[in-house]
Amino acid sequence: MTDIYERGSSLQKLLSTLKLNRERVPLETLKSVYRIPYEELKAQIRESVQEFVLLVACHHLLINPNFSLEEQTAVVQAAIDRSRMPKEIGKSLTRDYDVSKIHRMALKLREEIEAALWPYIDRETCLVADLADIEKTPVIYNTLTRQIYQDGGWIDQPLDLRGTLLIYRKQEDAVLPGAALLQKGEQ
Numbered sequence: 012m013t014d015i016y017e018r019g020s021s022l023q024k025l026l027s028t029l030k031l032n033r034e035r036v037p038l039e040t041l042k043s044v045y046r047i048p049y050e051e052l053k054a055q056i057r058e059s060v061q062e063f064v065l066l067v068a069c070h071h072l073l074i075n076p077n078f079s080l081e082e083q084t085a086v087v088q089a090a091i092d093r094s095r096m097p098k099e100i101g102k103s104l105t106r107d108y109d110v111s112k113i114h115r116m117a118l119k120l121r122e123e124i125e126a127a128l129w130p131y132i133d134r135e136t137c138l139v140a141d142l143a144d145i146e147k148t149p150v151i152y153n154t155l156t157r158q159i160y161q162d163g164g165w166i167d168q169p170l171d172l173r174g175t176l177l178i179y180r181k182q183e184d185a186v187l188p189g190a191a192l193l194q195k196g197e198q
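Using the numbering used here, you'd call the opening residue of the sequence shown number 12 and step up by one each time.
Hints are supplied without guarantee of correctness; some may be wrong.
With a straight-line cut-off of 30 Å between C-alpha atoms, the simulated DSS-like cross-links for lysine-lysine are [what the hints assert, rightly or not]:
1) Lys42 / Lys98
2) Lys147 / Lys119
3) Lys119 / Lys53
4) Lys112 / Lys147
5) Lys119 / Lys98
6) Lys147 / Lys102
7) Lys112 / Lys102
8) Lys102 / Lys30
9) Lys112 / Lys30
10) Lys53 / Lys42
Simulated from the structure, these hints should not be mistaken for lab results.
I would like the entire structure built from these sequences, with the hints used as guidance.
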């Protein structure tokens, strides 16, 4: 988390500099007399925004180790390509100069990425039956997220799986989204 805050702070300084320059110096002067430093500042901001957004959106993303990393990476890239967030972030940069707003948009992008990866994560959802008390209703549990499904939502609750039976759903031969994306890329 510290890295995110450090990068956000650094980005905010760059955006503040850009805002001050644009408020105090006519745009034509920035583009002519101060063209080189102005372009360098904009390039620094672009690079910094890209790093910041990727850090927020992709840091510690949950990936299913039982499926190809390449396939899941293709799903992440497709989610980013489909999303409106990168364009919204670009518009917001020079309109608002606000890192906290960019951070919120990057979190929305992360939600879109997580939703795209859910079919892979969901493959690790199972029923957990207690072998010591087989009559007890099994718990719905995801072994990757270490969450149980209760009252219509997922709740953080690691379970001790010793002495339990894990019952997974039969996985249909349906193609996961990443496989189709990889096939399309090979053509």
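Given the hinted pair Lys147 and Lys119, is their alpha-carbon gap at most 30 Å? violated (39 Å)
Pair hint outcome, Lys147 versus Lys102 [Cα-Cα no greater than 30 Å]: Roughly 54 Å separates the two Cα atoms, so the pair is violated.
Proposed proximity, Lys98 with Lys42 (alpha carbon, max 30 Å): Holds, because 23 Å separates the two Cα atoms, which is no more than 30 Å.
Compare the distance between the alpha carbons of Lys112 and Lys147 with 30 Å, and conclude whether the hinted pair is satisfied. violated (47 Å)
For the pair supplied as a hint, Lys119 and Lys98, confirm whether the alpha-carbon distance does not exceed 30 Å. Holds: Lys119 and Lys98 sit about 13 Å apart, inside 30 Å.
Within a Cα-Cα threshold of 30 Å, do Lys119 and Lys53 meet the stated pairing? Holds - the C-alpha atoms of Lys53 and Lys119 are around 24 Å apart, at most 30 Å.
Does Lys30 lie within 30 Å of Lys102 when you go C-alpha to C-alpha? Judged against 30 Å, a Cα distance of about 14 Å means the pair holds.
Assess, step by step, whether the Cα of Lys112 is no farther than 30 Å from the Cα of Lys30, and give holds or violated. holds (16 Å)
Please verify whether Lys112 and Lys102 have alpha carbons no more than 30 Å apart. holds (11 Å)
Is Lys53 close enough to Lys42, meaning Cα to Cα at most 30 Å? This hinted pair holds, its Cα atoms lying about 11 Å apart.
In summary, the numbered hints that this structure violates are 2, 4, 6.
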